[in-house]
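A.B. asks: Residues per chain, in single letters:
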Amino acid sequence: MIELYQIIAIIVSIIVLILSILRFRDGKMSLGMLMVWIVIWLIIIIISIYPNDTNYLASYTGIGRGLDFVLIIGLILSFYLIFKMYNKMEVIEEELTDLIRELAIQNKNTDNKDKMEDKVDLDNKTE
Amino acid sequence: MKIFVVLPAYNEEKTIEKVLKDLIDIGFEIVVVDDGSVDGTFSIVNRIIMEKKTGLLCRHIINRGLGAALKTGIEVALMEDPDIIVTFDADGQHDPKDILKVSKPIINDEADVVIGMRNFKEMPSSKKIGNRIMNFITLFFYGINVNDSQSGLRAFNRKAAETIIINARDYGVSSEIIGEIKRHNLRLIEVPIKTIYTNYSIKKGTNTNEGLKILAKLIMNILK
Chain L
26 MIELYQIIAI
36 IVSIIVLILS
46 ILRFRDGKMS
56 LGMLMVWIVI
66 WLIIIIISIY
76 PNDTNYLASY
86 TGIGRGLDFV
96 LIIGLILSFY
106 LIFKMYNKME
116 VIEEELTDLI
126 RELAIQNKNT
136 DNKDKMEDKV
146 DLDNKTE
Chain B
5 MKIFVVLPAY
15 NEEKTIEKVL
25 KDLIDIGFEI
35 VVVDDGSVDG
45 TFSIVNRIIM
55 EKKTGLLCRH
65 IINRGLGAAL
75 KTGIEVALME
85 DPDIIVTFDA
95 DGQHDPKDIL
105 KVSKPIINDE
115 ADVVIGMRNF
125 KEMPSSKKIG
135 NRIMNFITLF
145 FYGINVNDSQ
155 SGLRAFNRKA
165 AETIIINARD
175 YGVSSEIIGE
185 IKRHNLRLIE
195 VPIKTIYTNY
205 SIKKGTNTNE
215 GLKILAKLIM
225 NILK
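In order, the protein sequences belong to chains L and B.
Residue 92 in my numbering sits at position 67 of the first sequence; the count goes up by one each step and never skips.
Residue 192 in my numbering sits at position 188 of the second sequence; the count goes up by one each step and never skips.
Check each hint, because a few of them may be wrong.
Claimed, not checked - Heads up, simulated BS3-like pairs for lysine-lysine below, C-alpha to C-alpha not over 30 Å straight-line:
no.	chain 1	residue 1	chain 2	residue 2
1	L	Lys133	B	Lys22
2	B	Lys163	L	Lys133
3	B	Lys101	L	Lys133
4	B	Lys125	B	Lys108
5	L	Lys113	B	Lys221
6	B	Lys221	B	Lys125
Keep in mind that the hints were calculated from the coordinates and are not lab data.
Excised from the complex, chain B in its bound form (with noise of 0.2 Å):
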């Protein structure tokens, strides 16, 4: 089983290091998308890279926001014949540990697409809420009523790769994907993952502004 771990990445230069040694010390095949990062991001990685003498570097010198690096992510990881390709936030909320647990289902033929969903009773409100509201326009735009639809942490098999195509650059990918799936009848299975959460990971990702952000997009989008 060749697991590839898709790891987008815009200005990670504190969490980045460890995230990406672990799971090289795990034996995961490593892709990581600096999206047009400003800080330290991309020597680090580079330097991990050179070290260990594995993992693939990809850098957009613009940034084009997470549905662009997961799509150039996915893509690069295809071409080295993958078996599974997982997603994983680099900013350290997730354990290298569920990896395993969102691609079992996979190894064991029970899904295409694997969603590491979070528990929320232990998410901090600000973050609920946003969430919340995601899964919420998930379901209105999409018809697909699922218990995360903004984790960042996925398996997709071969098929599942292939088949979803991402066009949302920014935060609206995570609900894509899952209209994706839908679209493509994917089997889709929901695993519970641990999350860890840090001040740091706390003001990133989708908070409510970022939902109400998400919102207009999604309305801009039908009305076009």
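Isolated chain L, as found in the complex (with noise of 0.2 Å):
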């Protein structure tokens, strides 16, 4: 007997999996994160197909009930994620800051002239 959420999860998953392949087709995702995207989503497809299964992992690892182990699954993978995103996010905030001091000192004392207040154009400014 094929419940309804079964069928919505499993359409969610196969949308998510094409926007996930399109992205990396046009270079927009990284081979790595692929992959680990395409595991996610197959995993949720055989949980949604199978969710009976997931009792067993359950009754494996001391969890009560299938569906809570696969949300405790999930909230902690979501953590992780959140936390690694955090982390880049950091460092890219760094990367720009060394990008705004850099320029800073090789273009100082040298805007001096015009275009004080044209902040778009900095091709123009190094001489």
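Join the two chains into one complex using the hints; note that each chain is given alone, in its own frame.
C.D. replies: Here it is in structure tokens:
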């Protein structure tokens, strides 16, 4: 007996899988990240098709019901991803700062003349 | 003795002109870092530098915070072969005469870094709480107890300026500098300085809110 939630989960998973593959083809996602997402969404599809099989995992790990097991794992994974993203953002912030500082040092006292307010026009500033 | 004064400035058009002119008239070498100001700070500083024919001006095209601005300023000053580098707030809260006061222990080779400590008794209570929290945080995270960890008036000799590595981008930089002093076993002296409180300078800088933000940031740094 297939429930509605199973169908929805499968459809959503397939859509996201396709989107991931398209992004990879456009060069907007790394191969490693694509693999991670494929694995995650395939697991979700499998769980949706055979929801009762998670009961094995649940009893094996000592977590009561199958669905609880899935939710807990999902939460842990989500937090891990947020953590990764935070770190990545910090790195990007730092790189941006380095870039801005380097630009400032190279252009010291050179943008004295005109275009004081023109922030966009960076290329023509160095002489 | 070549004393370079580094002035980080973010939207300081109301005060920077007087501060800058005072410093130049005394005869200090100046490095202004405009940290992505969106007001007239850059053009005012630019005009004064052209008029007085002295001083260096760097501009962060995007605001990157006090720490980043100090780092840029110190790096630029170090290219000019300085003996002493002094950091100085651009909001007009410091007395230019205090620059000599904080430089003196370095000239006498008694210290590598001098921090100008403000008088907490004179400090408005909104700022006192924030500064007390920051002193405690500095003690807790870096294990060093100072009277005023958040002071913007500091003097470094050349060796100290070259050794200290700044990573913090925002106001956390003041504590980080003190941590670096300890890490590299630099000699630190604190000297009392005057603080000029105006309504303008009270609004800026370390208040309770900013103190809490820095605390959150430091905890994040540990979790990383």
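A.B. asks: Now, for every hint given, state plainly whether the structure supports it.
C.D. replies: Against the structure, the hints come out as follows:
Pair hint L:Lys133 plus B:Lys22 holds up; C-alpha atoms about 22 Å apart against a cutoff of 30 Å. Between the alpha carbons of B:Lys163 and L:Lys133 the distance comes to roughly 24 Å, so the proposed pair stays at or under 30 Å and holds. Proposed proximity of B:Lys101 and L:Lys133 is supported: the alpha carbons are some 27 Å apart, at most 30 Å. Taking the CA atoms of B:Lys125 and B:Lys108, the gap is near 25 Å; set against the 30 Å cutoff, the hint holds.
For the suggested pair L:Lys113 and B:Lys221, the alpha carbons sit about 16 Å apart, so the restraint of at most 30 Å is met. For the given pair, B:Lys221 sits about 28 Å from B:Lys125 by alpha-carbon distance, which is consistent with the 30 Å threshold.
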